[in-house]
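Sequence order for the protein chains is A and B. Residues in the first sequence are numbered consecutively from 707, following the numbering used here. Residues in the second sequence are numbered consecutively from -6, following the numbering used here.
Treat the hints as calculated values from the structure; they're not laboratory data. Here the structure is a predicted model, which means the values were calculated and not measured. The reader is advised that the hints may include incorrect statements.
Restricting the straight-line Cα-Cα distance to at most 30 Å, the calculated cross-link-like pairs of lysine-lysine (DSS-like) are [stated by the list, open to error]:
id, chain 1, residue 1, chain 2, residue 2
1, A, Lys746, B, Lys165
2, A, Lys747, A, Lys768
3, B, Lys165, B, Lys136
4, A, Lys746, A, Lys768
5, B, Lys165, A, Lys747
6, B, Lys136, A, Lys747
7, B, Lys165, B, Lys130
8, A, Lys768, B, Lys165
9, A, Lys747, B, Lys130
One-letter residues, chain by chain:
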Amino acid sequence: MSWSEDVFSVLDNHQVSTIATVPDAGLSHVLSLCEEAPSKKVVTLTTEEEGVGMMLGLWLGKQRGALFMQSSGVGNCINALSVMASTRCPCAMLITMRGQWGEFNPWQVPMGHATQPVMEAMGVYCYSVEQADQIAETFDAACGLAFNGGYAAAVLIHQRALGTKVF
Amino acid sequence: MDQHVTLPVDDEGRVRRRPLVAELMAHRGEALVITGLGSATYDVAAAGDHDNNFYFWGGMGLTAMTGLGLAIAQPQRRAVVITGDGDMMMGIGSLATIASAAPDNLAILVLDNERFGETGEQMGLSAGVTDMVQMAKGAGFQKAATFATEAEMRELPDLLFSTPGPVFCVAKVAPGNDARVLPSTDGAYLTRRFRDAL
Ligand SMILES: Cc1ncc(C[n+]2csc(CCOP(=O)(O)OP(=O)(O)O)c2C)c(N)n1
Ligand SMILES: [Mg+2]
Chain A
707 MSWSEDVFSV LDNHQVSTIA TVPDAGLSHV LSLCEEAPSK KVVTLTTEEE
757 GVGMMLGLWL GKQRGALFMQ SSGVGNCINA LSVMASTRCP CAMLITMRGQ
807 WGEFNPWQVP MGHATQPVME AMGVYCYSVE QADQIAETFD AACGLAFNGG
857 YAAAVLIHQR ALGTKVF
Chain B
-6 MDQHVTLPVD DEGRVRRRPL VAELMAHRGE ALVITGLGSA TYDVAAAGDH
44 DNNFYFWGGM GLTAMTGLGL AIAQPQRRAV VITGDGDMMM GIGSLATIAS
94 AAPDNLAILV LDNERFGETG EQMGLSAGVT DMVQMAKGAG FQKAATFATE
144 AEMRELPDLL FSTPGPVFCV AKVAPGNDAR VLPSTDGAYL TRRFRDAL
């Protein structure tokens, strides 16, 4: 089973029914699994911070959501994350990293470099994963922290686990 | 709105927001209400606190998207967003997200004073060439309209609380800050209270 299938099972186990995303290449398989599943709804966002606002609305309505994005999108979410801290709304995030090891595009590097510090400054617990076979179990732990504790928790999938984008 | 209700207007004939919101909230029924930071939060609180009101105190630009999440999570309930023009403009791209998701139980009301009321009434973009209703239509809203007079605003209760959504309404309201009516600022409390009341 690929990590995407395992992550899909984690979503099921945590009763996550809505996924909000601005897509990234590394997320495409798990997103298509979600799109095909009758139990799940995928909402495509204009910009990533919208997804943070949406996580609060889902939680207010007693549903569970998750947010999938590329590391660049974390920069768009900074002030929105203050709402998660202020409300203790669960916010489970799966983030594919750019701008790390072997990055071809130097324009990705500044935000990739800042992704984890910026999230930690906003109170998000971050778990970096370098091996594909650890993605799902780490996301399971992040979902547990989010939904059982009322925290924002993110899994940062390192480019080593995904392979780097080449042109 | 009842025919006999006369909404107060300012000396230029613009409807005042506080009595407008009070009149609208009298029709809320079972609706779940999310308010944008600043004056919209005070207006809705002034109409009477309610366990199924969720008030933003920050997160400018996010109110409409929280409404979308709520509408998806509670498809049998009406979800209503009441917010300011500044908050809506900051998240204006979310109109595309919402129109595409197309929840039939969501309505958005923008109280458009054409100003950043909370921060000193600086003129906002909707005072000029920008038309949020045209933006909403371009985003894909089938039901989007501006309401400038009291007579036009008589349609608002139906549009907000019963017309199949997604609905986008802009009510042009008088400038001027009403007395601040402050609901709880404890976001964790407001969240838990809201969920427990479902
Ligand atoms: C990201 C961000 N930028 C700026 C502010 C400062 N601010 C608080 S309320 C507000 C204006 C809100 O305007 P509007 O939504 O039109 O509300 P109203 O005029 O009804 O008070 C601004 C600019 C903020 N809180 N957050
Ligand atoms: Mg305003």
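Task: Hints that the structure is at odds with (numbers, increasing) - done: Going through the list in order, the structure violates hints 1, 5, 8 and respects the others.
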